[in-house]
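Student: Now for the letters of each chain:
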Amino acid sequence: MKKLIITAIAFAAAPLAAQNQDLGEPMAEGQDVETIEEEEGLSGSVSFEGNLDDLGIAIPAFATDRNVPTPANANGTEALGLELARVITSDLRNNGLFKPTGPDSLPRPSAADIQSPVWSTWGVRGAEMLVHGYVRARSDDRLTVGCYLYDMALQQRLVAEGWVVSPADWRRAAHKCADLIYSRLTGESPFFDSRIAYIAETGPKDNRVKRLAIMDSDGANHRFITTGRSTALTPRYSPDYKKLTYLSYVDGNPRIYVYDIGTGKQTLVTQSENPTFAPRWSPDGRWILYSMAVGGNTDIYRVSAQGGRSERLTDTPGIDIGGSYSPDGSRIVFESDRSGAQQCYVMDADGSNQRRISFGGSRCATPEWSPRGDQIAFTNASSFNVSVMSPSGGNVRTLTRGWQDEAPTWAPNGRIIQFFRTERNSGKTSLWQVDLTGENERSLPTPVDASDPAWGPILP
Amino acid sequence: MNTRIATAVMLSSALALAACQKKAPEELPPMPEETPVATPTPTPAGPAVGSMEHFLAAVGQANTVVYFDTDRYNIDAEDSAKLQRQAQYFSQYSNVTFTIEGHADERGTREYNLALGERRANSAKNYLVSLGIPASRIRTVSYGKERPVALGSNESAWAQNRRAATVTIN
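Chains as they are written, first to last, in the working numbering: chain A, 1 to 460; chain B, 1001 to 1170.
Since the hints were derived computationally from the structure, they do not count as laboratory data. Honestly, I wouldn't trust all of these hints.
[Claimed, not checked] Simulated DEER-style distance windows between Cβ atoms:
1. A:240 with B:1152: 36 to 46 Å
2. B:1152 with A:382: 18 to 28 Å
3. B:1084 with A:285: 44 to 54 Å
4. A:260 with B:1134: 32 to 42 Å
[As the list claims (entries may be wrong)] Stretches of chain A that chain B covers, calculated by requiring three or more beta carbons in the stretch to come under 8 Å of a beta carbon on chain B:
5. 221-234
6. 248-260
7. 275-288
8. 307-314
9. 336-349
10. 377-388
11. 423-433
All figures in this text were calculated on a predicted structure; none of them were measured in a lab. By construction, the Cβ of each residue, glycine as well, lies at the ideal position given by its N, Cα and C atoms.
Next up, chain A with everything else stripped away, as it sits in the complex (with noise of 0.2 Å):
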C-alpha cells in the first residue's frame, strides 16, 4: 500500500512570476504576546449552580491609571479600554455562552477598584459574576493589560492574568480575557485568540471570483491576501500561522501552493505536472498532506513542509482525496470512493492499517478530526447537512439542516464547529458556527459571500 514514489520532475512548471501575480503586497506578522503574572485566584468551584446560558457577567470598561495617547487607539487608553470590554462582551455573547452585559450599560470602575471591586456598585446588578481590566501604555508604546474575574456572592476573585502586547495586537488581549473566564468558567480550553482562513467569494454564479481572506475567529482584522484574478480555493493555516497552503489556478491549472504570510512568497507543494487537490498540515507543522490526480486517479500523498519527496499513502482506482489527523499526529481520517460512493476513513499515518469508518448510508466527505480528539466533523453529501461521529464510525449526529451545508472546521478547542452554507438558486455562500449540541447555530458576518473556512488552532 505504502509506496515511496519520486513526483515527476516539472518540465513546464508555472514560473515564479506566474505563481505569484495574484498575490496581494504581504503583510507584517504579528507579534508575541507575553504573558504576565497576577495574583493567583481562588482555585475550588464557583459559587454559581445553574445552566452556563443564565449566568450574568458584568463587563464594564477596563480601567487606565492615566489617559495617554497610543498607537491602538487614537482618544488614548481609556477609549480602549472601553473597546476592550466591547470585544470580551460579543465573544461571549456571540457565541451564545453566558448572559454578558457589555461597558455601554456599566458605570465605569477606576484604575484603584480593578483589584478590589466595589461590591456595593455591582451587587444591585444581578450579575453573577464580574469582569474588571485594566489597560496601560508603557514606556516601549506596547500595552499590558490585566483580566480579573470575581464571583459576585463569594466577592473572591476567581482567575487573574495580564498580557504585554504590541498596539496592533490589541484585540488580542481582549480574546485571551474572553478565553480566560470562558475557560474558568467551563472548564474547557480557550478558542477566541485564533484565526481563520477563508474564500470571499463574489460575483454571478457563473463567473465568481475567489480571493483567499484571513480574519481573527470574530472577524475582525480582515485582509484579502490574493486580488481574484485567479480562483482560490480551500485555504489551511500552519500551525504556527506563518503559511498558508490552498490551491489556486494561478497557471491555468489547479495546484497547491505554500505561500509565506511574512514574506509574501508562495512555492508549489511538489513539483508536478499534474492537478494536485485539498492541502492538509499536520499537527506539528512537519507534513503536508495533499491529494494528486495521474491519469484522472486521485490518491493522497504526503510531503516534509520543507520540500522534497513525496511519499505515497493510498492507492486504488477510486478518488482518495482529503485527510486529516487526528490530534496526536498518529492517524488521518480521509474520504474515498473506492466502494461506490463517498465514504469516510481511517488510516496510520504512513498509510497503513485503511479502513473504512462511515456505514450509515450516507455519503461521507471532508471530514476533520477534533482538536480534542474525541469526534470527527464530517458532511453528510447525500443531505449535505455538516455531522458527528467517534473516531470509529459510531455515535453519527446531524448538527445542521441548510440546503448545502459543507466542509467543517474545528474551533480550537473542539467545542464549536464551523462550516459554509450554500443557498439553493443563487449559490450565495456564507459562514456558519454550531456547538456540539447543534443547537446555537449562528452565522458568522463577512465582507462578501464566503465559503471553505479553516480555523486555526490558539495563536502561539
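The hints should help you fit chain B onto chain A, whose structure is shown.
Tutor: Only chain B this time, still in chain A's reference frame:
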C-alpha cells in the same frame, strides 16, 4: 392484476424518465450538415483552423460536450458518437491541440468535485486517444463545481453541468 400491470407501466416509464435525465435538455441547435473541408485558400474568409470557431463550425456545438450521470464518468453510446466526431476533426487537423475541461454539478463537496471533474476529463481524453489522437495534443483541466453553465438548482441544470467540454487552444 390490473394494478400490477399499471405499476409495471409506471415503473417502466419512470425508468425511461430516469434514463432520459442524464442528458442535458435538447435546447441546442441541431448538428450542422457536413461542413466543406477547409482547403487552404490564398484569401481565407472563414475562421482559422484550430480556432474554437472553426472547431464548432466543423463538429457542431452539441458534439463538443459530453454529459455524465451523478458521480459517474463512463462514456456511453451517445458520448462516443460525439467523441468520434471530435476525433475526425482532430485527425484531419493534426496540428490542433486542445483542452478537455471536466466539470461537476453543485451537489457535491468541493474537493471531491475537483477530482471527479478530472476523472471525467480523462475519460473523454482516453476515448479520443483510443481513436488514435495522440495524448500529447490533449490537455485536461478540472473545474469541479466552480464553472456551471446552467445556473438553477434543479436536476435539469445539474445534468447540464456534469460535463466534459472540448475547447481548442490554437
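Student: For every hint, state whether the structure bears it out.
Tutor: Results for each hint:
no.: 1; hint: A:240 with B:1152: 36 to 46 Å; verdict: 44 Å, holds
no.: 2; hint: B:1152 with A:382: 18 to 28 Å; verdict: 21 Å, holds
no.: 3; hint: B:1084 with A:285: 44 to 54 Å; verdict: 51 Å, holds
no.: 4; hint: A:260 with B:1134: 32 to 42 Å; verdict: 40 Å, holds
no.: 5; hint: 221-234; verdict: holds (count 3)
no.: 6; hint: 248-260; verdict: holds (count 3)
no.: 7; hint: 275-288; verdict: holds (count 3)
no.: 8; hint: 307-314; verdict: violated (count 0)
no.: 9; hint: 336-349; verdict: holds (count 3)
no.: 10; hint: 377-388; verdict: holds (count 3)
no.: 11; hint: 423-433; verdict: holds (count 3)
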